[in-house]
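Novice: One-letter residues, chain by chain:
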Amino acid sequence: MFKSTFISIGLHVFFIIFAYYGLPSFKIREPIESPIDIVEDTPISSKTSLKLGETKVKEVKEIKKVIKKEKVKKTPPPPPAPSKKMVEKKNAELKKKKEIREIAELIKKKPKLKKKKVKKVLPPKVEKKPEKIKNKQKENLAKGILNTLTKPKKKVENSKKVEKEHNNTEILKKIKKIAGNSNRQVQQTEIKLSVTDINKIQNHVTKYWNVSYAASEVKMVITLKISTNVDGSIKSVKIYDKNLYQKDKFYRATADTARRAVLDSSPLPLPKGKEKKFENFLFDFDTSFISNY
Amino acid sequence: MSNYLNLSFFKVLILIYSFFISNLLADDIRIKINSGQVEPLPIAIADFTGEEGKANEIGRQIAEVISNNLVGSGQFKAVESAAFIAPPTSPSVRPNFTDWTPLGIKALITGSVKSINEQQIEVEFRLWDIIAETDLIGLRLSVDAQAWRRVAHIISDEIFERLSGDSGYFDTRIVYVAESGPQNKRLKRLAIMDQDGENHQYLTDGSFLVLTPRFSPTTQEITYLAYFKNEPRVYIFNLETGEQELLGSFPGMTFAPRFSPFGDKIIMSLAEKGVTDIYTMNLNNQEVIRLTNSSSIDTSPSFSPNGKKIIFNSDRGGSQQIYIMDANGRNVKRISFGKGRYATPVWAPKGELIAFTKMLKNKFYIGVMSPDGSGERLLAEGYLVEGPTWAPNGRVLMYFKQEAPIDDGKSSNVNLYKIDITGFRETRVLTPSDGSDPAWSPLIPN
Numbered sequence: 029m030f031k032s033t034f035i036s037i038g039l040h041v042f043f044i045i046f047a048y049y050g051l052p053s054f055k056i057r058e059p060i061e062s063p064i065d066i067v068e069d070t071p072i073s074s075k076t077s078l079k080l081g082e083t084k085v086k087e088v089k090e091i092k093k094v095i096k097k098e099k100v101k102k103t104p105p106p107p108p109a110p111s112k113k114m115v116e117k118k119n120a121e122l123k124k125k126k127e128i129r130e131i132a133e134l135i136k137k138k139p140k141l142k143k144k145k146v147k148k149v150l151p152p153k154v155e156k157k158p159e160k161i162k163n164k165q166k167e168n169l170a171k172g173i174l175n176t177l178t179k180p181k182k183k184v185e186n187s188k189k190v191e192k193e194h195n196n197t198e199i200l201k202k203i204k205k206i207a208g209n210s211n212r213q214v215q216q217t218e219i220k221l222s223v224t225d226i227n228k229i230q231n232h233v234t235k236y237w238n239v240s241y242a243a244s245e246v247k248m249v250i251t252l253k254i255s256t257n258v259d260g261s262i263k264s265v266k267i268y269d270k271n272l273y274q275k276d277k278f279y280r281a282t283a284d285t286a287r288r289a290v291l292d293s294s295p296l297p298l299p300k301g302k303e304k305k306f307e308n309f310l311f312d313f314d315t316s317f318i319s320n321y
Numbered sequence: 002m003s004n005y006l007n008l009s010f011f012k013v014l015i016l017i018y019s020f021f022i023s024n025l026l027a028d029d030i031r032i033k034i035n036s037g038q039v040e041p042l043p044i045a046i047a048d049f050t051g052e053e054g055k056a057n058e059i060g061r062q063i064a065e066v067i068s069n070n071l072v073g074s075g076q077f078k079a080v081e082s083a084a085f086i087a088p089p090t091s092p093s094v095r096p097n098f099t100d101w102t103p104l105g106i107k108a109l110i111t112g113s114v115k116s117i118n119e120q121q122i123e124v125e126f127r128l129w130d131i132i133a134e135t136d137l138i139g140l141r142l143s144v145d146a147q148a149w150r151r152v153a154h155i156i157s158d159e160i161f162e163r164l165s166g167d168s169g170y171f172d173t174r175i176v177y178v179a180e181s182g183p184q185n186k187r188l189k190r191l192a193i194m195d196q197d198g199e200n201h202q203y204l205t206d207g208s209f210l211v212l213t214p215r216f217s218p219t220t221q222e223i224t225y226l227a228y229f230k231n232e233p234r235v236y237i238f239n240l241e242t243g244e245q246e247l248l249g250s251f252p253g254m255t256f257a258p259r260f261s262p263f264g265d266k267i268i269m270s271l272a273e274k275g276v277t278d279i280y281t282m283n284l285n286n287q288e289v290i291r292l293t294n295s296s297s298i299d300t301s302p303s304f305s306p307n308g309k310k311i312i313f314n315s316d317r318g319g320s321q322q323i324y325i326m327d328a329n330g331r332n333v334k335r336i337s338f339g340k341g342r343y344a345t346p347v348w349a350p351k352g353e354l355i356a357f358t359k360m361l362k363n364k365f366y367i368g369v370m371s372p373d374g375s376g377e378r379l380l381a382e383g384y385l386v387e388g389p390t391w392a393p394n395g396r397v398l399m400y401f402k403q404e405a406p407i408d409d410g411k412s413s414n415v416n417l418y419k420i421d422i423t424g425f426r427e428t429r430v431l432t433p434s435d436g437s438d439p440a441w442s443p444l445i446p447n
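The listed protein sequences derive, respectively, from chains A and B. Just add 28 to wherever you are in the first sequence, counting from 1, and you've got our numbering. Just add 1 to wherever you are in the second sequence, counting from 1, and you've got our numbering.
If we strip away everything but chain B, and leave its shape as in the complex, we get:
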């Protein structure tokens, strides 16, 4: 009897399953859309409203920074604010969507600024989907009034992530070598600024030459190379405390120290007796391990994001090319096979691409390729373009570009540029003086 009941129970269960699943699978027509446009999204950024003059001014500036950030990413197209029909008075007010659709706007950002006290402000924003007539994201932040710029970057990151799916890169900083003076007496200082060039400050005074600064992926620290009394030294600079730590003096020439992805090692190249090889240094116990041992010049090493592979450039094959090897120095394999010479390979934060500098027929290029060497694409070119560094989301590259010299004896301008990896939008990053060797920070922790 119980068996019979069990059997009938199962039959009923089958019927119930069948009913629901068949309903799920019962749709007749499926139309596949397998092409579309990859174009900047038209977006409107209304000035953030405020109750009084100061808040109003901050609101206007926040909207401007957000607009510059989003447009600068190459993924958004800001619609002129003069074309706005009826900007909402508050982010909590639902816009009249039909007013915005004729302008071709797909998304709208509204916001407000309130003064909590003399020092603190409260910034609120909301992102609206004009076509779906719904809000996509909203956020309220209470911060020091002087930090309004950072608030604008944080809001930009939120909007960027919600609309593209990718992490933002606006709340980040750039460390670079600020250059000034004539070519034969060049002053090189370590400098830091926001990714949009604001909040600029010098970290060193120029009393010694600095080269190749690199950000730690895990902490607010920078490693760089300095020549003190003509001796190369590797330093670590703590941005929070301002303290510098000498990692060591190395005999001969030392190049391009760079952090490992977990921040526990530094990888670099050292020249000794005419041979340049790649070494790692453990930051905890200062242990130095030699990874390559060839009669050629191996330099510019960069770890993969998972720390298992290293890319570097070497002339061991006769010309300067990009090579890949295991983190222990084994299984060395060449990956670049195009015409010209390749240098300064840098692994993208997500691991899917490698940025490099290419030299071909008296011209320099910045390009990207897959870690296996396939799919090479050149993004930027110039008389001298070099030293690519990745934004933390792996969608934008920054590098420095030197113009061709006009007059003999005078140094030509060297500037920082950034370009999105589609290669469509190259913009100059404004700096107080010439700049080279940029390095992009990870997102600043809140």
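Isolated chain A (complex conformation):
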């Protein structure tokens, strides 16, 4: 009997700890893992606020113009950008450098393989000066091969499509830079509240919180669950810890003062454009400022 009770308590504690520490991090990871695919496939305007969307569209047009001008100048198109980036990152790692060198040596011994793969991956214009490539960019070629080895087969097979998609990826990259280079950050700019936004609400509610000095008896934090309308008016105020509200007379009296403060301060000065973020939120009323009584 005792043993089973002990196990039951242990399991309950484990579940609570697991849920407490595990779940919020799961929740945070979601926007981190999925963003890159979403940014590439979906229009950003649907993910960002109107102002952000408008500025980005304009910037995209400008970028397109720049790219067109570059084509007119007949400059050879650079190799696909994603592969470059990947190679640069891998160059930074010592172990992979060694692999690249080994592969480069292998390529020297078997030039046929080299040519075939270079033809498939690189656009024809790059091969206009084969001597330079052989002399100076042996390692680069090897890196290209490494890319073909490390990257999924789809890229090698769809090498024709790479050219067509090249312009789009370039544009998207620049949009990423403008928008913060990740979908998560784009979302955060939408959610993020400035310190001023919070301070404005804090200062507003503070004016209405009239608390008895008896609250200094027990230093406590009263949490209230607030629902607001878009105009900042209070829809509902709920005292979070109902159990303590029933049991502790100091908590109950102070929670009532906090509730009065919130209702009295309606409408709240919600930041423009961010009203929806305050549909449901929490107020923590901390009595620790009452001292020397």
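A few of these clues could be false.
[Said to hold, decoys possible] Here are some, though not all, of the chain A residues that point toward chain B, as calculated from beta-carbon distances under 10 Å:
{"hint": "1", "residue": "224"}
{"hint": "2", "residue": "230"}
{"hint": "3", "residue": "233"}
{"hint": "4", "residue": "278"}
{"hint": "5", "residue": "303"}
{"hint": "6", "residue": "313"}
[To be verified] Lysine to aspartate or glutamate pairs mimicking EDC-like chemistry, simulated, CA-CA at most 20 Å apart:
{"hint": "7", "chain 1": "A", "residue 1": "253", "chain 2": "B", "residue 2": "134"}
{"hint": "8", "chain 1": "B", "residue 1": "33", "chain 2": "A", "residue 2": "292"}
{"hint": "9", "chain 1": "A", "residue 1": "277", "chain 2": "B", "residue 2": "158"}
{"hint": "10", "chain 1": "A", "residue 1": "270", "chain 2": "B", "residue 2": "158"}
[Stated by the list, open to error] Derived Cβ-Cβ restraints for the label pairs, each shown as a range:
{"hint": "11", "chain 1": "B", "residue 1": "105", "chain 2": "A", "residue 2": "317", "range": "22 to 28 Å"}
{"hint": "12", "chain 1": "B", "residue 1": "241", "chain 2": "A", "residue 2": "41", "range": "50 to 56 Å"}
{"hint": "13", "chain 1": "A", "residue 1": "275", "chain 2": "B", "residue 2": "360", "range": "30 to 36 Å"}
{"hint": "14", "chain 1": "A", "residue 1": "227", "chain 2": "B", "residue 2": "52", "range": "54 to 60 Å"}
{"hint": "15", "chain 1": "B", "residue 1": "379", "chain 2": "A", "residue 2": "317", "range": "53 to 59 Å"}
{"hint": "16", "chain 1": "B", "residue 1": "136", "chain 2": "A", "residue 2": "36", "range": "37 to 43 Å"}
Rather than coming from a laboratory, the hints here were simulated on the basis of the structure. Every residue, glycine too, gets a C-beta built ideally from N, C-alpha and C.
On the provided structure of chain A, position chain B as indicated by the hints.
Specialist: For chain B alone, coordinates are given in the frame of chain A:
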């Protein structure tokens, strides 16, 4: 198979826990409010309604007493009744809250008085939160019509507790030394009254000098010192029966007898051969134990609420200061280090503060400090202010104040005052004659 089932059961259990707990923790925005106002709460007290003239009059008086109590605490601000828009006719009628909000009122008290018979009345009240539009507390009491004042104090305590969280102190009494006559032939009598000065009565006739009355924390008893034929005696006065018990005659001077927190002992100081030390007397077996043994004057002892420590004042360090020691007299340690002299330390009922009298540059002060001597704050000052006593909730102090003498040979006025521990509101307690040495009772049992 059973193991597999158990495992899947646990997985489901984890998912259920996770779902609920994640929902609980999923709120995005938390805004901390860590400052506010500590000001009197605007409150409206409507006259308690009655069916006929007498009940109506009692209702009006009850509302007045409640108003005086709450305002006198320093925590409430009564809104003038003339400003009322539509007082509800009965406590059971829900007020029209929107009528009251423009007046800045946060809480409203409504009530009624009904005559049950010629002697008995039924008093009902309700406390409303005007902003939250809800009732906070309600109570119905059936009492003797003559006890309407006590009903008003009980209601005041209920309202005070519900709105502040702290226990009330209105249904209490004060015992003090009533003084009259010229300075050289001063008549000193023991007197008792409600904490607001009403229901005043004398307990002794003035045939002998009385000093330092103190309430028992557990019973309706008072201990006091009387000089009978110039011999100091310690008495216990039972307020319920009117009987007095002589605890003993003590050689030399005896000072400031005070009950222990459990009411089983009396602590006092006795002077012998020019030395004053602190003693306890067990009320069950009259056993006297000496706690201090120094060549200095140790006096005004007061127990901590848990009975484990004693504070007292002593001049053992060269000047009069406050000291603390264990209940057995060991580990004596000085706690007051400010300028001036300190006297009459009294431990607060909750133990977090010590009230004292301070003398500095020909002025007297009433102050409070922590039991370790830190956080000294002076609340009141005067030509002579002395003898602080705590209200049972530890939020208000009462003391006596003597005005500076105007003419030589004539005694100056001595009056009782009370002040809340914020020090913002000092009010005089009206007594029929001069008064000194007050002692506050615990809440009167129902």
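Novice: Determine for every hint whether it applies to the structure shown.
Specialist: These are the hints, each one checked on the structure:
1. 224: For residue 224 of chain A, the interface hint is violated, since the closest Cβ of chain B sits about 13 Å away, which is over 10 Å.
2. 230: holds (6 Å)
3. 233: Since chain B brings a Cβ to about 5 Å from residue 233 of chain A, closer than 10 Å, the hint holds.
4. 278: holds (4 Å)
5. 303: violated (12 Å)
6. 313: holds (5 Å)
7. A:253 - B:134: Holds: residue 253 of chain A and residue 134 of chain B sit about 18 Å apart, inside 20 Å.
8. B:33 - A:292: holds (17 Å)
9. A:277 - B:158: holds (13 Å)
10. A:270 - B:158: violated (24 Å)
11. B:105 - A:317: 22 to 28 Å: holds (23 Å)
12. B:241 - A:41: 50 to 56 Å: With Cβ atoms ~54 Å apart, the hint holds.
13. A:275 - B:360: 30 to 36 Å: Distance hint for residue 275 of chain A, residue 360 of chain B is violated at roughly 45 Å.
14. A:227 - B:52: 54 to 60 Å: Once the Cβ atoms are compared, 55 Å apart, the range 54 to 60 Å for residue 52 of chain B and residue 227 of chain A holds.
15. B:379 - A:317: 53 to 59 Å: Roughly 23 Å apart at Cβ, these two residues miss the hinted range, so it is violated.
16. B:136 - A:36: 37 to 43 Å: Once the Cβ atoms are compared, 42 Å apart, the range 37 to 43 Å for residue 36 of chain A and residue 136 of chain B holds.
This entry does not satisfy hints 1, 5, 10, 13 and 15, going by the numbered hints stated previously.
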